[in-house]
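Residue numbers (our numbering), protein chains in the order written: chain A, 1 to 358; chain B, 1001 to 1371.
Keep in mind the hints are simulated off the structure, nothing from the lab.
Predicted, not measured: the structure shown is a model, and the values here were computed from it.
Misleading hints may appear alongside valid ones.
Said to hold, decoys possible - Computed list of lysine to aspartate or glutamate pairs in EDC-like fashion (alpha-carbon distance at most 16 angstroms, straight line):
hint: 1; chain 1: A; residue 1: K155; chain 2: B; residue 2: E1141
hint: 2; chain 1: B; residue 1: K1348; chain 2: B; residue 2: E1098
hint: 3; chain 1: B; residue 1: K1298; chain 2: B; residue 2: E1089
hint: 4; chain 1: B; residue 1: K1206; chain 2: A; residue 2: E5
hint: 5; chain 1: B; residue 1: K1175; chain 2: B; residue 2: E1278
hint: 6; chain 1: B; residue 1: K1294; chain 2: B; residue 2: E1037
hint: 7; chain 1: B; residue 1: K1176; chain 2: B; residue 2: E1278
hint: 8; chain 1: B; residue 1: K1178; chain 2: B; residue 2: E1278
hint: 9; chain 1: B; residue 1: K1351; chain 2: A; residue 2: E193
Stated by the list, open to error - Okay, the calculated beta carbon distance ranges per label pair:
hint: 10; chain 1: B; residue 1: M1166; chain 2: A; residue 2: K81; range: 45 to 55 angstroms
hint: 11; chain 1: B; residue 1: Q1064; chain 2: A; residue 2: I60; range: 35 to 45 angstroms
hint: 12; chain 1: B; residue 1: Q1202; chain 2: A; residue 2: L212; range: 48 to 58 angstroms
hint: 13; chain 1: B; residue 1: I1181; chain 2: A; residue 2: I60; range: 18 to 28 angstroms
hint: 14; chain 1: A; residue 1: G68; chain 2: B; residue 2: E1288; range: 31 to 41 angstroms
We put the CB at the ideal spot given by N, CA and C, even for glycine.
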Amino acid sequence: MLSLENIINGIHTWLNNTFDPTLALTCEFVLLGITAIAIFAVLGLVLVLMERKVAAIMQIRKGPNRVGPFGMFQTVADTLKLIMKEGLTPDGADKVLFNLAPFIVMIAAMLLLAPIPFAKGVQMWDINIGVLFISAVSSISVIGILMAGWASNNKYSLLGAMRSGAQIVSYELSAGLSVITIVILTGSLQLSEIVNAQQNGWWIFKGHIPVLISFVTFIIAVTAETNRAPFDLAEAESELTAGFHTEYSGMKFALFFLAEYINIFIACAIGATLFLGGWMPFHIGNWEGFNAIMDYIPSSIWFVGKTFFLIFLMMWFRWTFPRLRVDQLLNLEWKYLLPISMLNLLVVTVMAIMGWYF
Amino acid sequence: MFEEIGTTEDGYMVINIGPQHPATHGVLHLVMTLNGETIVKTEPHLGYIHRSIEKMSESLTYRQFIYATSRMDYLSSHINNHGCSLCVEKGLQIEVPERAQIIRVIMDELTRIASHELWWGAMAMDLGAFTPFFHAFRERETITEIMEETCGARLTMNYICPGGVMADLHPDFQKKVKSFITLYKSKINEYNELVTGNIIFQNRMKGVGYLSKEDAISFGCTGPVGRASGVSCDIRKLYPYEVYGKLQFDEILETAGDSFARYMVRIHEMNQSIRIIEQLIDNIPDGEFLAKTKAVLKLPKGEFYQRVETARGEFGVYIVSEGGTTPYRIKYRSPGFSNLSALPTMVKGSKIGDLIAAMGTLDLVIPDLDR
Chain A
1 MLSLENIING
11 IHTWLNNTFD
21 PTLALTCEFV
31 LLGITAIAIF
41 AVLGLVLVLM
51 ERKVAAIMQI
61 RKGPNRVGPF
71 GMFQTVADTL
81 KLIMKEGLTP
91 DGADKVLFNL
101 APFIVMIAAM
111 LLLAPIPFAK
121 GVQMWDINIG
131 VLFISAVSSI
141 SVIGILMAGW
151 ASNNKYSLLG
161 AMRSGAQIVS
171 YELSAGLSVI
181 TIVILTGSLQ
191 LSEIVNAQQN
201 GWWIFKGHIP
211 VLISFVTFII
221 AVTAETNRAP
231 FDLAEAESEL
241 TAGFHTEYSG
251 MKFALFFLAE
261 YINIFIACAI
271 GATLFLGGWM
281 PFHIGNWEGF
291 NAIMDYIPSS
301 IWFVGKTFFL
311 IFLMMWFRWT
321 FPRLRVDQLL
331 NLEWKYLLPI
341 SMLNLLVVTV
351 MAIMGWYF
Chain B
1001 MFEEIGTTED
1011 GYMVINIGPQ
1021 HPATHGVLHL
1031 VMTLNGETIV
1041 KTEPHLGYIH
1051 RSIEKMSESL
1061 TYRQFIYATS
1071 RMDYLSSHIN
1081 NHGCSLCVEK
1091 GLQIEVPERA
1101 QIIRVIMDEL
1111 TRIASHELWW
1121 GAMAMDLGAF
1131 TPFFHAFRER
1141 ETITEIMEET
1151 CGARLTMNYI
1161 CPGGVMADLH
1171 PDFQKKVKSF
1181 ITLYKSKINE
1191 YNELVTGNII
1201 FQNRMKGVGY
1211 LSKEDAISFG
1221 CTGPVGRASG
1231 VSCDIRKLYP
1241 YEVYGKLQFD
1251 EILETAGDSF
1261 ARYMVRIHEM
1271 NQSIRIIEQL
1281 IDNIPDGEFL
1291 AKTKAVLKLP
1301 KGEFYQRVET
1311 ARGEFGVYIV
1321 SEGGTTPYRI
1331 KYRSPGFSNL
1341 SALPTMVKGS
1351 KIGDLIAAMG
1361 TLDLVIPDLD
1371 R
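Excised from the complex, chain A in its bound form:
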């Protein structure tokens, strides 16, 4: 059967049969690198278009509809424009940090693509501490944002970076705590193990209300971590014009912009993997026929479907809610989300010990 897993295995066997193992491994590294960059670019383009289309639907307008069918090539055209634009470095900016910052944000986003299981057997790096890796690497992007804000020598950028720093560092706590609930239930940090544990039911169904609570906490926390409305204080268009990337132009701006969308994708992919069973199809108890039909849908479709559902949810938030104020944002985290997720963690731990889940 033609599936992603078989294709990848085929390439792997062919490379190993043709070249000696070292060369084959090098070839695989290069291929992976190219794939990561390709995913980065394609996802960026697709998600930007999706965002604009979703926004358009919510705002009773058509959205991009001139370049290509249904405006599909609008983002390609925009990217071409941004590539051709001059990348200005403002006078008085710290040149090294200013130019480095977008790359740090982008590298952090790209590294996070590695441990995600895209489909059955399709994973760049099945690292045994996958969840820890994700939490660790996702914190790197805040350094890039702080760097951009500080190096721009602009007060709006500085305020935006300051807000972003406070926000991302605080929301990482509850994002981490809600992820740990699943780790406790599965007993493994490895993402492939977590997916396999959901073979007979997704955690969101198996884990009763506590997992539902941690799912909601997770969605709120990652929305804040990716600087999306209603938590887009780092950009806060009407307050800080463009926040930390006020001074960026051309491709350097585009890197921030694309990294934002890749981060959304990754956050939603992790959410789908941990709570919604990753690429696992939807099964109901012992309805054999129904389960067989569900199994017939390729695992990559399941993964993409769940991820894009969560992405749509985040876009829905963005185009519906007003923005929070900076103190309300921190209050929400430290006074509500963090105590709730701590208590929830306790409940889940008890639940896992007693085996009170399906």
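Once you have looked at the hints, place chain B on chain A.
Only chain B this time, still in chain A's reference frame:
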């Protein structure tokens, strides 16, 4: 004088919001002193769009100067024209036909709704919600279409002239206005669901940008800003002009004085405007729409003052006449200017986000401040 760049002596950061900034809706310039995110001092700087309309009006005739005021508060241009026209009519003691009076009042209220709807969308956008802007414009479009059909213009209508209105109503006017009323009534709930009831929105607005009744009076705040602080200042009630005296409508008063009160005043005011239009739309009498006036208007020597209630508050026209064909001196009292002067008091000690929210509820139109 303020040091506009860098930091103050106390180590506070000085930041310029505007003249080009997404939240100022025009060329308002706020020099702000910040302690972190907290506002220590706000100083509005004006004059970026000053066109000296008052001086210009002195060389325009009494028929011409009315239309210069369309360019002041462009969102209630019709009501500005109305005020000026009333002032001239007061000086010349022209009797305006009842049909014209009622047309003027209906148009006033339509303008008020259009203005408040635009404000609603723009203010939601200030708070970071972009979608309400489009929803507001959808309904506002219906009004601008009615305006376009009747007066030939969508924004600066220039429909009023001394003695009545320039042209008669379009035959479809009543039908269109009625269908707008039906549309509005079905959509106002959507507004409340989308924005008013939103918990984030309420947290952003309640207790923010507080303006006490005393401050509102001393700063001369009128319109929804004054009424949200409990100051009864609806000119339509206090000094009725045209047919307002005979109409049934409520003056909306709130006592909280915060941004949410100002928001609610405007939302309720839209409903009251609908109520006024409903009373009048079926009772437009037949007859002349324009009184017979002389070709060249000459106001008698003296001073004339007329105030009207625009969407933003009290708009006053003060004409000093020497008996010639042009006014000797004209002074406009624009509501936005007084309302803006309360802003530094309102936002002192709050966060930048609150400044944006409070400024949004002031409903500033910058050409109205600068004239």
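Hints and how they fare:
1. At most 16 angstroms may separate the alpha-carbon atoms for a hinted pair to count; K155 (chain A) and E1141 (chain B) exceed this at roughly 38 angstroms.
2. Of the pairs offered as hints, the one joining K1348 (chain B) and E1098 (chain B) is violated, with about 48 angstroms between alpha carbons and a cut-off of 16 angstroms exceeded.
3. Annotation: proposed proximity of K1298 (chain B) to E1089 (chain B) holds, straight-line Cα distance about 11 angstroms (limit 16 angstroms).
4. The suggested pairing of K1206 (chain B) with E5 (chain A) is violated, with an alpha-carbon distance near 55 angstroms, which exceeds 16 angstroms.
5. Note on K1175 (chain B) and E1278 (chain B): the hinted pairing holds, with a Cα-Cα distance of about 12 angstroms set against a maximum of 16 angstroms.
6. Taking the CA atoms of K1294 (chain B) and E1037 (chain B), the gap is about 61 angstroms. The hint is violated against a cut of 16 angstroms.
7. Of the pairs offered as hints, the one joining K1176 (chain B) and E1278 (chain B) holds, with about 13 angstroms between alpha carbons and a cut-off of 16 angstroms not exceeded.
8. With a CA separation close to 8 angstroms, the supplied pair K1178 (chain B) and E1278 (chain B) stays within the 16 angstroms bound.
9. Restraint check: the Cα-Cα separation between K1351 (chain B) and E193 (chain A) comes to about 46 angstroms, which exceeds 16 angstroms; the hinted pair is violated.
10. A C-beta distance of roughly 47 angstroms is found between M1166 (chain B) and K81 (chain A), which places it inside the suggested range of 45 to 55 angstroms.
11. Against the hinted window of 35 to 45 angstroms, the Cβ-Cβ separation of Q1064 (chain B) and I60 (chain A) comes to about 40 angstroms, which satisfies the hint.
12. For Q1202 (chain B) and L212 (chain A), the Cβ-Cβ distance of about 26 angstroms falls outside the hinted range of 48 to 58 angstroms, so the restraint is violated.
13. Taken as a hint, the range 18 to 28 angstroms holds for the pair I1181 (chain B) and I60 (chain A), whose Cβ atoms sit roughly 21 angstroms apart.
14. A beta carbon spacing of about 59 angstroms between G68 (chain A) and E1288 (chain B) contradicts the range 31 to 41 angstroms that was offered as a hint.
Violated hints, listed in ascending order, are 1, 2, 4, 6, 9, 12, 14; each of the other numbered hints is respected by the structure.
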